[in-house]
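Chains A and B, in that order, give the protein sequences.
Mapped onto our numbering, the consecutive letters of the first sequence carry residue numbers 1 to 349.
Mapped onto our numbering, the consecutive letters of the second sequence carry residue numbers 1001 to 1514.
Mixed in with the good hints, there may be bad ones.
[What the hints assert, rightly or not] Which residues of chain A face chain B? A partial, calculated answer using Cβ under 8 Å:
hint, residue
1, Arg216
2, Gly220
3, Ala236
[Claimed, not checked] Straight-line Cα separation of at most 25 Å, DMTMM-like style, residue types lysine to aspartate or glutamate; simulated pairs:
hint, chain 1, residue 1, chain 2, residue 2
4, A, Lys82, B, Glu1367
5, A, Lys246, B, Glu1311
6, B, Lys1143, B, Asp1133
7, B, Lys1493, B, Glu1181
8, A, Lys267, A, Glu164
9, A, Lys246, B, Glu1336
10, B, Lys1493, B, Glu1468
11, B, Lys1191, B, Glu1151
12, B, Lys1143, B, Asp1164
13, A, Lys246, B, Asp1378
14, B, Lys1332, B, Glu1232
15, A, Lys82, B, Asp1401
16, A, Lys82, A, Asp143
17, B, Lys1205, B, Asp1032
18, A, Lys246, B, Glu1424
19, B, Lys1205, B, Asp1171
20, B, Lys1205, B, Glu1367
21, A, Lys82, B, Asp1354
22, A, Lys82, B, Glu1311
23, A, Lys246, B, Glu1367
24, A, Lys82, B, Asp1345
Because the hints were derived from the structure by calculation, they are not lab data.
The structure displayed is predicted, hence computed values, not measured ones.
Glycine included, each C-beta is placed from N, C-alpha and C at the ideal position.
What follows is each chain in one-letter form.
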Amino acid sequence: MRLEPVADAGWARTLGLPAVALGGTVLIAMALSLVAGSNPFAVLGLIVKGAVGSKFALLETLNRATPLIFTGLAVAVAFRAKLWNIGAEAQLYMGALLVVVLGTGLLPLPSALLIPILMGTAIVGGAMLLLGPAWLKTRLGVDEVVTTLLLNFVMILFVSLLLEGPMKDPMGMGWPKSERLLAEARLPRIVDGLRLHWGFGLALICALLVWVMQTRTTLGYEIRAVGLNRRAASFAGIPVTGVVIKTALISGGLAGLAGFSEVAGLKGSLTLDLSPGFGYTGIIVAMLALLNPLGVVVSALFVAGIFVGADSMSRAAAVPTYIADILLASALLLMVLAIMLTRFRVVRG
Amino acid sequence: MPSGGEARAVLRLRNITKRFGPLTANDAITFDLREGEVIALLGENGAGKTTLMNILFGHYMADAGEIEAFGHILPPGNPRAALEAGVGMVHQHFTLADNLSVLENIILGTEPLWRLGSGRAAARARIEQLSRDFGLAVHSDAKAGTLSVGERQRVEILKALYRDARVLILDEPTAVLTPQETDDLFATLRKAVARGLSIIFISHKMHEVLAISSRVLVLRHGRLVGEVATAETDRHQLAHMMVGSEIRAPEVGGAAPGRVLLRLRDVSTVPVGNAVGLRSLSLDLRAGQITGLAGVSGNGQTALADLIAGEIVPAAGAMEIGGREAKGWTPKAALEAGIGRIPEDRHRTGTVADFSLAENAVLEAYEKAPFSRRGWFDWQAVDRHTRSIIERYDVRCPGPDARIRLLSGGNMQKLILGRVLEAEPAIILAVQPVRGLDIGAVTYVQNRLIEAREAGAAVLLISEDLDEILTLADVIHVISEGRLSPAFARGSKSPAELGVWMAGQGFEEGGHAA
């Protein structure tokens, strides 16, 4: 078997193959349920019901999708420029950390002032954390995969240090957790009484802004040129270093916003389990969306749905919740395969 | 079986047809290759030569037709079958592993893995025998990465011979060779034919086809449009068959050189890696004049091109554009100083392969009005500009939104030419502007450069093809080891005299008697 490039993929291939990939994922899920000794159709039904089957379930899915949209966008923006930002997790924590530093009493301001300030600080914090790796990459050729990945551990240990020490909530019964945000620093709910905060709205707005940036602006053109062919971009006079730095700032800022949204919208304080790997899952979200910012919203909802649905299902059936991880992994692998098959054709022989 | 005076056919192609979407790359092609003959496949770029050979060698599967080698039908799409039947291919782009020795490269894939290394003595003797028999001098212990282009090609041929190839396919084998290396290659091919091998020689250079082949097959738009015995044809007829119409060599009238637009004084650059840097080089480019830079590849042409294109800065010496010193020298500064650049590598430097024609057409002007206004990109303006280039520069393509990687080299180069010339540059840097292009595109690009000269541009033509320089340039410099010869007026030096300079003789250390 060999691969031949396909000149023009056509709509059927471009849309059909990812659909087949999703279908394959569902089949794998059913097979695994069977192995676990449950009725695969029932398990599937429970996952869907757990993800979108009730108002509560749906809101839970939207809440879970919110940080994934931010980190998915952060990754999608960076990967477009071939800036491999694996450090959205650290940037998220940096954003959250600054929000907690400023929002727990240091700035006694009304909401209308405090929330934008905290938002801006989280953006700057996340951006600064990626600036270092981007600068090292452009100046010294240091591989940003290594630097951003390792910064995740540095950041998490740093947060842990602070939460066990100077930032530990004196009223926290000894748990490593920060003080709670001022009421003025909390993001309001979108609809009163429903557990969905404005972080979700902010995520949708960001997705739209990133999409406009990529398709309608000069910077978007520069980012795509640098990502697709750095050599030609440089020859044509595109300031490659500047573009990579700008991309890093946008990407880090978006990941920082994820931290802001989780703390100010959902949790109200900083703990070490603020993110169960949203930064890493953002990579899956971005890849499933083929790095398209609007697609990120869809794939974040899909990924969040699987997590929330699998949690709920495992309470009702004998299938462990880890099936969510397997589902996501197979969805990603099948999708990567589908993407390859939209560009290449398998020829026998 | 041999019958009468006719040698037996070693290879028969029957009705080979291959389509890529709407494009028919090969249309019912039928021919035989007989034992001990060289046939030439002649055709413009995109005529379907390489596709046909990829089918023959099993890299592509034909949509229809069949191939018979030594009396057996080849299973389609199986390179191993072609190899085992004795068909060997020497690719346009070589496929050697740089970190392995010549010997290892040659035996790679012929020995079972667990035995690799054990049969070396025998392999070495065999390779030495082959290289003596065929006049292919190579050093078997040298690492492939250290070899010159000509040597790499010899290794590729040895690789095929080592696998007992009875049919050799050479795809554009001379594109990367010096004239001397080409002569050596032809000598090898003649020896191979004398030993009963058969050769398919793919080219678009007519003088080579005439020199080496016994039969010429001409492909045009995927169809076999002519088959002639080499002895009974000439350049004129072949060119006519290739393009389907008359081709006229560019005519260059007398130059009316104006003022100096670009001046280099004692410029040196830092050598990068193994590349040669410039050594105290002085050069004037005048308006309304084509300055040709001749030289053997790797003698500082790249450094000079990179310097003028804004990619590197002088380490010493002065550079003036339009009478002003070049400061803050970057690609962007070069563009703003009115330098149009046609880069050597149009696939990797000149274009972004996965960008559309439109996106490529504004690559050097994307941030200026009307394409960008206050940070917003105007796709309609870009589209209009691209359509105008496509029309005015005869770029054959599906449309402005098609990805540029789908275009042939000639059409890609026309788009680059349009991008450069539409900016009305005062100075044009053209590095190997017609390398790898078909005759039609060559003439087109050359005529456009001549037009630009007549419109008052200063053109620097850097080429390794001396014929091209002699045809187009009003003044010629020779570059050797980073040093520049004096300017020679058109017609004042014969190719042989220039060859002496190209070999590095006549230069004074540290400067020249300009």
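So, going through the hints one by one against the coordinates:
1. Arg216: holds (6 Å)
2. Gly220: Since the shortest Cβ distance to chain B is 7 Å, the answer is holds.
3. Ala236: Alanine 236(A) check passes; min Cβ-Cβ to chain B is 4 Å, inside 8 Å.
4. Lys82(A) <-> Glu1367(B): holds (21 Å)
5. Lys246(A) <-> Glu1311(B): Roughly 22 Å separates the two Cα atoms, so the pair holds.
6. Lys1143(B) <-> Asp1133(B): With Cα atoms ~23 Å apart, lysine 1143(B) and aspartate 1133(B) stay inside 25 Å; holds.
7. Lys1493(B) <-> Glu1181(B): With a Cα-Cα distance of about 23 Å, the restraint between lysine 1493(B) and glutamate 1181(B) holds, given a limit of 25 Å.
8. Lys267(A) <-> Glu164(A): OK: lysine 267(A) and glutamate 164(A) at ~18 Å, within 25 Å.
9. Lys246(A) <-> Glu1336(B): holds (24 Å)
10. Lys1493(B) <-> Glu1468(B): Roughly 15 Å between the alpha carbons, so the hint for lysine 1493(B) and glutamate 1468(B) holds.
11. Lys1191(B) <-> Glu1151(B): The given pair, whose Cα atoms are some 18 Å apart, holds under the 25 Å limit.
12. Lys1143(B) <-> Asp1164(B): Holds: lysine 1143(B) and aspartate 1164(B) sit about 23 Å apart, inside 25 Å.
13. Lys246(A) <-> Asp1378(B): holds (21 Å)
14. Lys1332(B) <-> Glu1232(B): This hinted pair is violated, its Cα atoms lying about 54 Å apart.
15. Lys82(A) <-> Asp1401(B): OK: lysine 82(A) and aspartate 1401(B) at ~23 Å, within 25 Å.
16. Lys82(A) <-> Asp143(A): Holds, at about 12 Å.
17. Lys1205(B) <-> Asp1032(B): Given pair lysine 1205(B), aspartate 1032(B) holds - Cα atoms ~22 Å apart, limit 25 Å.
18. Lys246(A) <-> Glu1424(B): Measuring from Cα to Cα gives roughly 32 Å; hence the hint is violated.
19. Lys1205(B) <-> Asp1171(B): holds (12 Å)
20. Lys1205(B) <-> Glu1367(B): violated (41 Å)
21. Lys82(A) <-> Asp1354(B): holds (14 Å)
22. Lys82(A) <-> Glu1311(B): Between lysine 82(A) and glutamate 1311(B) the Cα gap is close to 22 Å, so the pair holds against 25 Å.
23. Lys246(A) <-> Glu1367(B): Roughly 16 Å between the alpha carbons, so the hint for lysine 246(A) and glutamate 1367(B) holds.
24. Lys82(A) <-> Asp1345(B): It holds: about 22 Å lies between the C-alpha atoms, which stays within 25 Å.
Hints 14, 18, 20 from the list above are not met by this structure, while the remaining hints are.
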